[in-house]
Structures are given as C-alpha cells and as structure tokens.
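Quick note, the sequences are listed as chains B and Y, same order.
Note that our numbering numbers the first sequence so that position 220 is 253, with each residue one more than the last.
Note that our numbering numbers the second sequence so that position 58 is 1481, with each residue one more than the last.
No lab work stands behind these hints, which were simulated from the structure alone.
Heads up, a few of these hints could be off.
As the list claims (entries may be wrong) - Anything over 10 Å on all C-beta distances counts as not near chain Y; from chain B, calculated:
(1) Arg52
(2) Ser57
(3) Thr166
(4) Glu187
(5) Thr191
(6) Tyr229
Unchecked claim - Only some residues are given here: those of chain Y computed to face chain B with a beta carbon under 7 Å:
(7) Glu1627
(8) Thr1789
(9) Pro1791
Each residue gets a CB set at the ideal place from its N, CA and C atoms; glycine is no exception.
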Amino acid sequence: MTRTGPLVLLVEDEAHMRRFLRASLTAHGYRLVETATAAEAMRQAKAYNPDLVILDLGLPDRPGGEVIRALREWSAAPIVVISARGQEQDKIDALDGGADDYLTKPFGTGELLARLRVALRRAERVGQEAETTLSMGDVSIDFTKRVVTVSGREVHLTPIEYKLLAALGRNAGMVLTHRQLLEQVWGPTYVDQTQYLRVYMAQLRHKIEADPARPRHLVTEPGVGYRLRVDSDDASRGPIKET
Amino acid sequence: MVDHGQPSGARPKGEGPVVAAARDANSIEGVVVAVLCVVLATLIGRGLPGQQRLADVVMVYLLGVVVVSLRYGYLPSLTCAIASVLCFDFFFVPPHYTFAVDDPGHLVTFGVMLVVASVISGLTQRVREHAERSRLFAEESREARLRMEREQIRSALLSSVSHDLRTPLAVVTGAASTLLDERIPPSVRRELTDTILEEAESLERRLQNLLDMTRLEGGALQVRRQWQPLEEVIGTALRRADKALAARDVTVSLPPDLRMVPIDASLVEQVFVNLLENAARYTPEGTPIRISARDVGDAVEVAVDDRGPGVPETEAASIFEKFHRARSDVSGAGLGLAICRGIVAAHGGRIWVEPSADGGASFRFTLPIVGEAPTVEDDEVTT
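Work the whole structure out from these sequences, hints included.
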C-alpha cells in the first residue's frame, strides 16, 4: 500500500509548535513543508502548491490576513489558521477573508486532525455535484426535498430555519462566521444583525436538539460563529480514505 | 506664620497654583471678615450700657481678633488688630471722632491691645497649623497603610500564583522526564501522557483566570454587550467545563419565554465556567448540579445549585474575595469567584450565595436588563 498523503504547508514561527505538529501530522500520513515566516510561506506555496495550509496568525514579519489574501488570489487550497485566545477579531477577519477554519492555542492533535479532515473533504467536493443528503446521528437533511428529519420523524422548519440549517449543512464540520451566515440566509444588508442569528439558532436548536442547552449538532463558536458538528469526526483516523 | 520662617506672601515650595489661588482667595475673604468683625465690635461697644467702660470695649475688640485668627491667616488677623485699635481710638477714646488722644496713657492701651491681639492671633495660628499638620499626617499614614496593603496583596498574589502554576508544572516536568526512560512499560506511558495533558490544561485554565483577574483589577475589562439568549451562553460554558464536570448530571431549566439579556457573552460564559468548576471541585463526585434562571422584572436572576456541603453563613461574603480558598486541600488560587463578582459587577448585577432548597449551595447572580431588546420578526407563524 503506497500512501501519498495530502501535502500540508505549515507556517508557524514557534519551533516547538512546529515540532509537535510535524510529529502528529507525519504520523497520520500527511506530507509536510514547513516555514517560519510569511514571506517564505508565499514562496513555498507557489513552489509546492500544497493541498492545505496551516497558518499561524501571529507571524513576526506580516499579519496573517495578508498571507490569506495573497494566497486566495490564486489558490483554493483550504487554509486553517491557528491563533491565541482573545484574538476573536483576528479569527473573524481571517475567516471572512478566505480562511476555512481555525484552531485556538492551546489545542490537541485530535482537534487539529479533525479540522484538517473536514477542510480537505470539502475541498475535494468543490466542483463535484453537491451532496443531496446529510445525516449526523439522529438528524438528517434532504437538500433536494428540503426535508429535515429527527429520529426518522419529519420536523417542520420555517423557511429561514431551513436556510440556516442548510447553510451550515453544506459546510458541515466547518465554522461559519456570523457575517457569512447572515449574508447567506438573510442577505447582505443584514450582516450586522447578529440577534436574528441568535434567535433563529435558538429556535432551530429547540426543534432538532435533544437538549438545546447542550447542543450536539449546532455548536456555538463563541464570538466567531457556528458550526454543524459531524459525528464521524473521529480524531484517530488519518486523512486517507480506507478504500 | 512667622515660625514657618517664610517671608509673608511667599508660597510654600511645591504648592500648586490652584492651592495658592485658594489661599489668596481665603486671605481676601479673611480681610473682609476682619473688617466686619471690627464693625460689629464697634457697634456692640457703642451699645454697651453705662457710658462704655473702655476696658470692656477693648475686650469686645479682642474677641473679634480671636474670632478672625481662629479661622483665617496672619494677614486678616493683623488687619483686624490694627483696625480695632484705630476704631477704638476713633469712637471710644476721648476726644471722640478723631484720632487725636488726650491722655497719653491711652497710647499704652493701644500698644497693649496690639501686642495682645498679635499674641492671640499667633497662638490660634499655631493651633490651626498644628491641626493641619496632624490632618496631613493622618492622611499620609493612611496612604502608607494602603500602600502596604497593596504590597501585601501583590506578594500574596505572587506567592499564590507561583504555587498555583508550579504545582502542575512540576507534575508535567516529572511525568515528561519519566517518559524519557525507555524501561517504562506502555501502560504507564499512556497514564503519564494523560497526566501531562491534564496538568497542561489546568495550567491553561489558571493562567486564564489570572489574566482575567488582572484585566478586572486594571480596569482594562471591556464589556461588549449584545443581546443574547442565556441558553447559548450556558451551552458554551457547559462545553468548556465538560472535563471538570466529568460524569455529573447537570440539568438546565430555563423558562421557555426567558428574555434575551444584554451581556458580554464571553465574560458571562466565564462566570458560568467558574461556578461550574467550583461546584465540581467542592462537592462530592457524582452529585448533581442544576442551572436555572428566572425573570425578576428589571433583571434575569441566574442560579447554579449544587448538593454539596453548602457554604457556612460566616463565609458567604468572604468567599467572593480574592485568594479566599474554602479548603486548603483543594488546589486553586482562589480567584474564580472573585472574577465572577468582578464580571457580574461590570454588568451592573450582583452575586451572592445562599443555601439551596435541595441542600447544598445556591450561587446566584443577576444580569440587569438595560434598554430595549431588538425585535426579531417571525418569518412564519409556526403551527
């Protein structure tokens, strides 16, 4: 069995962080290119055309946002950013600017691997036909019939509730910022009306979550947005599909 | 003033222009009062029965000098003394209504009057200065005491912090260095790795607490209020406290029509996390925890109830103080509840603990509802 895992460009200035990331990523079948600066990252990205970029937002030479913008000019490779706690605005800017997901330091490798898998899976689907159904645990969404069932029973959702769930479902496993969700569901003039999002999210949870105060599917990313959690995110699995 | 050794009119060193201006204004007021006193003394002297015995009149004038010098400085007192002598001469010493004097003996009276007046004003001046000095001294010693207390708090913080951070760090170092030993069997390796992970996570939590406390104390805390459904905040807090709560049964019961609250979600989340972790730490393993909330008119009151030993009434207030630790055998710097109090206060609410109806402690706090919640129209009447 020959394995040529996805190529990851790791941009991180802390040597110790790189060491542990290298250890866990290579152990899970990823190939790795490492750099410590933004300038070097741009060169490496052009030279290697990686399948995924892990980018620390606290680089010494340039703000992470610039790197994301520059990358997005020519590359669609998923970008997962790493940031410190309390940098919520940086995360939001990075996500709205084209990053696909984020991790807050300190994080465990399980979390990291799950994020990478989700990001790669979605990148793979780009260009392919959109999936018609999505199921996670007891909840399933049929995108063609616009029907949502919980434990096999159909749940009545309002048009907005459905649009909200579908937006998250199409990006299953990934974080969507408040702004992205408001824009997709309500339209560009509503991007600052986060209370709409909160109210409808609460309604949606009451309809599809067994315990709305402890959501299993519709997860809040504090200060950033929401994520539809996919149950199959098993931390121990590698990026390579079994067959 | 003379015993200050300062030329009159000169301002004491280091005295700001504001203080000096206040003194000048005070001096002008003093002179005015001095003139009024002299006028009053003259009138009283004129009104005295029995064709005015001069000695009585002198006494009345001296009384004026005393009054002025008790309240004002040297210049007003001197003004009062001289004006008194002049008026005394003019109105009372024959021949009246002229400054001329018949009896040269009266010149002695004037002299004695001036001397007595300046002695009196000198004495009262000294009394006033003495009072001022002791006031200053009291102020200084109060400041010194405050400084000392702050210093004590800082060193208590330092020692508590270094202990609090060193303990998990020592475990991490020990476990990691043990892992370097190749003879360690795999099962123990796994255990040590788990230990390192747990301790590192607790280190992160403690650092976060410390940072929060510093921000609260330094006034750097920004409260970014947004209208939030409490349920979502409780949800994120439960997820963060998941590990600490282990397999505990946590019930959340919120009224279905509970209003949104204008809060900083990340801060209030921290209050819940601290209260939950506290409950997990101080109550027997496996005992349930209950989170509830109710509308109390101008605020929403939140309660976190446990079934632990409860908080003795004597500790109900001090438990929210910094560095207060209910039990020395439970680790922690004693910052968690102080942070809760700080955050709740920053929202204009209050936090307290009372006995829970189920036995145990009930930690409660209010989140005031300020302003009008935005309306979110339904997109459909759900049936």
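| request: Could you check the structure against the hints above and give me the numbers of any it violates, in ascending order? | output: Hints 5, 6, 8 and 9 are the ones this structure does not satisfy, whereas the remaining hints hold.
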